[in-house]
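Take a look at the letters that make up each chain.
2 protein chains.
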Amino acid sequence: MRWEELDQQPCSLSRTLAVVGDRWTLLVLRDCFLGVRRFDEFEKRLGVTRHVLADRLKKLVEYGVLVKVPYQQRPLREEYRLTERGLELHPAIMALVSWGDRHMADERGAPIRHVHKGCGQAMRPVMVCSECAEPVSARDILVQVGEGWEGQVGELLPAAR
Amino acid sequence: MRWEELDQQPCSLSRTLAVVGDRWTLLVLRDCFLGVRRFDEFEKRLGVTRHVLADRLKKLVEYGVLVKVPYQQRPLREEYRLTERGLELHPAIMALVSWGDRHMADERGAPIRHVHKGCGQAMRPVMVCSECAEPVSARDILVQVGEGWEGQVGELLPAAR
DNA sequence: GCTTATGGGTTCTTTTTTGGAACTTATTAG
DNA sequence: CTAATAAGTTCCAAAAAAGAACCCATAAGC
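Those sequence lines, one after another, are chains X and P.
Just so you know, we're using the numbering used here here: the first sequence kicks off at 53 and counts up by one.
Just so you know, we're using the numbering used here here: the second sequence kicks off at 53 and counts up by one.
Since the hints were derived computationally from the structure, they do not count as laboratory data.
These numbers were taken from a predicted model, which means no experiment stands behind them.
We put the CB at the ideal spot given by N, CA and C, even for glycine.
Hints are supplied without guarantee of correctness; some may be wrong.
[Unchecked claim] Calculated lysine to aspartate or glutamate pairs in the EDC-like style (CA-CA distance at most 16 Å, straight line): (1) P:K169 / X:D192; (2) P:K120 / P:D107; (3) X:K169 / P:E186; (4) P:K96 / X:E207; (5) X:K169 / P:E183; (6) P:K169 / X:E183; (7) P:K169 / X:E186; (8) X:K96 / P:E207; (9) X:K169 / P:D192.
[What the hints assert, rightly or not] Derived contacts from chain X toward chain P, CB cut-off under 8 Å, selection only: (10) D59; (11) T68; (12) L86; (13) H155; (14) A162; (15) Q173; (16) E183; (17) E186; (18) V195; (19) V197; (20) L209.
Please put together the full structure from these sequences, using the hints given.
Okay, structure coming up:
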């Protein structure tokens, strides 16, 4: 499967990965959430080649995750800002960071602390059910084929065991 | 920056991406959560080349996300299972799937429905604060340098604006 | 006992993607 | 007139992925 086919797959994860499924894209977004907006600041902080950075930023703009906003005229200079759609990737990034904090940290601990403005505490993200607000883990979830997809695709799910 | 340097970066996202930061790895994990365990079933479902699949599975085993468990002797056959560490990637995958459901779905809607066994309802994941249990969005969080990291790395965070 | 199937790979060649460095363009500062 | 800045683009070499063929142990069919 090539990149171009990925956003047509019958799977929301594949489709999301068509947008953010390489390491540079997610690192660009991390920096966006930290307040970085300009091409050269991304370049300095990430250590990515300009070539690849330009490509990823363009793709993120095409998918509506970032917008280019002019911050000066003559010469025209534009910066990249998160859209609403981009902001909604925050839980995904937080979940990945949180996993890294738990499983990939060295003796210095987590490099970054997230303080919840609401309660003033250092927090980690917890996933709860949108319906009953209870915490959910992998074991608590039953997976079913979506309504619009019954019989559409052979083997959307593996045979039950 | 090359792949090999990624898991040493002063950033938990980089370190997590050293493990799962390419599209195939995350698609392999999606299938693990759906109950897939064997090499040839991954291959059939994903449309990945055997070469890349073998490489990704090996890496996931090295990082402790999957374990190889023999399911028959003579000839020896092994399957791949999620470890505790692997199960903890579930929130990250759910968050990515949920974003795809919202922003990348077509007129057929979400391909997969997640039913919370606890309450019996179709759910989407919501991120809440571990300390006060309130929902959190990007705007509700203040980012600070971690305790063990003060002064260690220049420019862990961009200059405040 | 010969052929084919199965599961889990490895090897080989071709194509695509990156990395790295130099070049471009518009404008201002010295 | 020269250099600097910001945001790219172009070019070539290196690395990674795609695609297909091959390998190995065992078992099942005939």
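Structure-based check of each hint:
no.	hint	verdict
1	P:K169 / X:D192	holds, 5 Å
2	P:K120 / P:D107	holds, 14 Å
3	X:K169 / P:E186	holds, 11 Å
4	P:K96 / X:E207	holds, 10 Å
5	X:K169 / P:E183	holds, 11 Å
6	P:K169 / X:E183	holds, 11 Å
7	P:K169 / X:E186	holds, 11 Å
8	X:K96 / P:E207	holds, 10 Å
9	X:K169 / P:D192	holds, 5 Å
10	D59	holds, 6 Å
11	T68	holds, 4 Å
12	L86	holds, 6 Å
13	H155	holds, 6 Å
14	A162	holds, 5 Å
15	Q173	holds, 4 Å
16	E183	holds, 4 Å
17	E186	holds, 5 Å
18	V195	holds, 6 Å
19	V197	holds, 7 Å
20	L209	holds, 6 Å
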